[in-house]
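The residues making up each chain are set out below.
2 protein chains.
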Amino acid sequence: MGIERAVVLLSGGLDSATCLAIASKDYEVHALTFDYGSRHSKEIAAARAVAKHFGVRSHRVVKVDLASIGGSSLTEHAIPVKRVESEEGIGRTIPNTYVPARNMTFLSIGVALAESIGASSVFIGANSVDYSGYPDCRPEFIEAFQRAAELGTKTGVEGRPVRIEAPLLRMSKAEIVKKGAKLRVPFGMTWTCYSGRRTACGLCEACQLRLAGFREAGVRDPVKYAD
Amino acid sequence: MGIERAVVLLSGGLDSATCLAIASKDYEVHALTFDYGSRHSKEIAAARAVAKHFGVRSHRVVKVDLASIGGSSLTEHAIPVKRVESEEGIGRTIPNTYVPARNMTFLSIGVALAESIGASSVFIGANSVDYSGYPDCRPEFIEAFQRAAELGTKTGVEGRPVRIEAPLLRMSKAEIVKKGAKLRVPFGMTWTCYSGRRTACGLCEACQLRLAGFREAGVRDPVKYAD
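Going down the list, the sequences are from chains A and B.
Residue numbers for the first sequence follow the numbering used here, so the first one is 18 and each next one is one higher.
Residue numbers for the second sequence follow the numbering used here, so the first one is 18 and each next one is one higher.
Just chain A, with the same shape it has in the complex (with noise of 0.2 Å):
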């Protein structure tokens, strides 16, 4: 029996790129990357970097047309994104970032993907210490999802149901940065940044907690910040 095989889900962004890294040392990786209709396409340019970067085994960008069900300033243009002025603002509130069942779409097309070809585990990249408030980023819900896996799959039916794996669940930003320099991730090709300008704004939730994850793991971002 050869190397089992995983489906990553893969956003660009520097939480997914370390999780691809953690499930390339264990798996045939199988990325995917969704359009999803948000309001810029530098992130499904990294996410092709990142695979490509890694030499994963297939990598997928499958539409979904999201905007068109609307409710988030990620995928609405008429939605603003909201700055937040200090970190303080962060984790208390749901954001208007939130994307209605976001995780739970992309879990389960990851699941359909597993099923197809044969992959034992779907590996997320969510992270619920610095996770914006976000509810598909809780362990609760994970393991929610996974237990609706196991009865609404084949393969759940037939004993060997796809594995949900979020290693990055309980780490904090500092960790995940680095956990991914450690796996030598080539965090100048991630995009985190919730604008799609030529450099990152360094001033909406996702740019703060990825700068003081850097600061406080004592790495350098190389990403360039707007001045």
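A couple of the hints might just be wrong.
Because identical chains cannot be distinguished in the list, a pair is counted as satisfied if it fits within a single copy or across any two copies.
Stated by the list, open to error - Derived pair list, reagent style DSBU-like, types lysine-lysine, alpha-carbon separation capped at 35 Å:
| no. | residue 1 | residue 2 |
| --- | --- | --- |
| 1 | K195 | K171 |
| 2 | K171 | K241 |
| 3 | K241 | K196 |
| 4 | K80 | K59 |
| 5 | K59 | K69 |
| 6 | K199 | K42 |
| 7 | K69 | K199 |
| 8 | K171 | K80 |
| 9 | K241 | K195 |
| 10 | K241 | K199 |
Note that these hints are calculated values from the structure, not bench results.
Here the structure of chain A is known, so what remains is to put chain B in place on it, guided by the hints.
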């Protein structure tokens, strides 16, 4: 307070049309159809006709590229849809028309739409009695999914989770036909056959289940079948 909103997953088949008729009695209906790269577009045309017939408040047709995921004869043209020769052959094993994690994916996007438009529930025409062996049509899956949706969504965290309603879950196909007849579902507009020909084939498992249901209910099926 006005009438509550519901999202209804509408495939264009007999079950989802009956489900829509049920939801229409008590809710302002927002229909949601998926264009997921299945073999033909007759289902989507049927969904449009049924939605129009019932005067739904909105109808979205959302593209989700499950064809690039593969694993099913319904999305991969290279896998032929298996014909069953008798009703005894149905329900024993999971057929190759199973689309990996389809209901999980569709329900997830349904929940996303419900959150986005402030709907209190998502209706799905899943049916576990004459269910063709699909694991994602079983009550235990629907319950597990409900739990995941409670934990993984903004509305769930806020204490008003989107409810998953599957009113046909425990009905036989004949009971669904009787219910649909009572609610004046335009059966002639619905499309059930897995093939996309001008007339229904009458031979695939979907046609056979439908025909047996009409026969048992003592209702005439107005859809045209190939000789």
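Okay, the hints, checked on the actual structure:
1. With identical chains, the CA atoms of K195 and K171 are at most 35 Å apart between copies only, with a shortest distance of 31 Å across copies and 38 Å within one.
2. In this assembly of identical chains, K171 and K241 lie within 35 Å of each other by CA distance solely across copies; the values are 33 Å between and 46 Å within a copy.
3. In the homo-oligomer, the alpha carbons of K241 and K196 lie at most 35 Å apart inside one protomer (21 Å), although the nearest pairing across protomers, at 62 Å, exceeds that limit.
4. When the C-alpha separation of K80 and K59 is checked against a cutoff of 35 Å, the pair qualifies both within a copy, at 15 Å, and between copies, at 22 Å.
5. Only within a single protomer do K59 and K69 lie at most 35 Å apart by alpha-carbon distance; the minimum there is 15 Å, versus 39 Å between protomers.
6. For a Cα distance limit of 35 Å, the shortest separation of K199 from K42 inside one copy, 12 Å, qualifies, whereas the shortest one across copies, 59 Å, does not.
7. For the homomeric pair K69 and K199, the shortest alpha-carbon distance inside one copy (19 Å) is at most 35 Å, but the shortest distance between copies (57 Å) is not.
8. For the homomeric pair K171 and K80, the shortest alpha-carbon distances inside one copy (24 Å) and between copies (24 Å) are both at most 35 Å.
9. Proximity of K241 and K195 under a CA criterion of 35 Å is satisfied intra-copy only: 19 Å inside one chain copy versus 65 Å between copies.
10. Taking the shortest alpha-carbon separations for K241 and K199, only the intra-copy value of 21 Å comes in at or below 35 Å, while the best inter-copy value is 65 Å.
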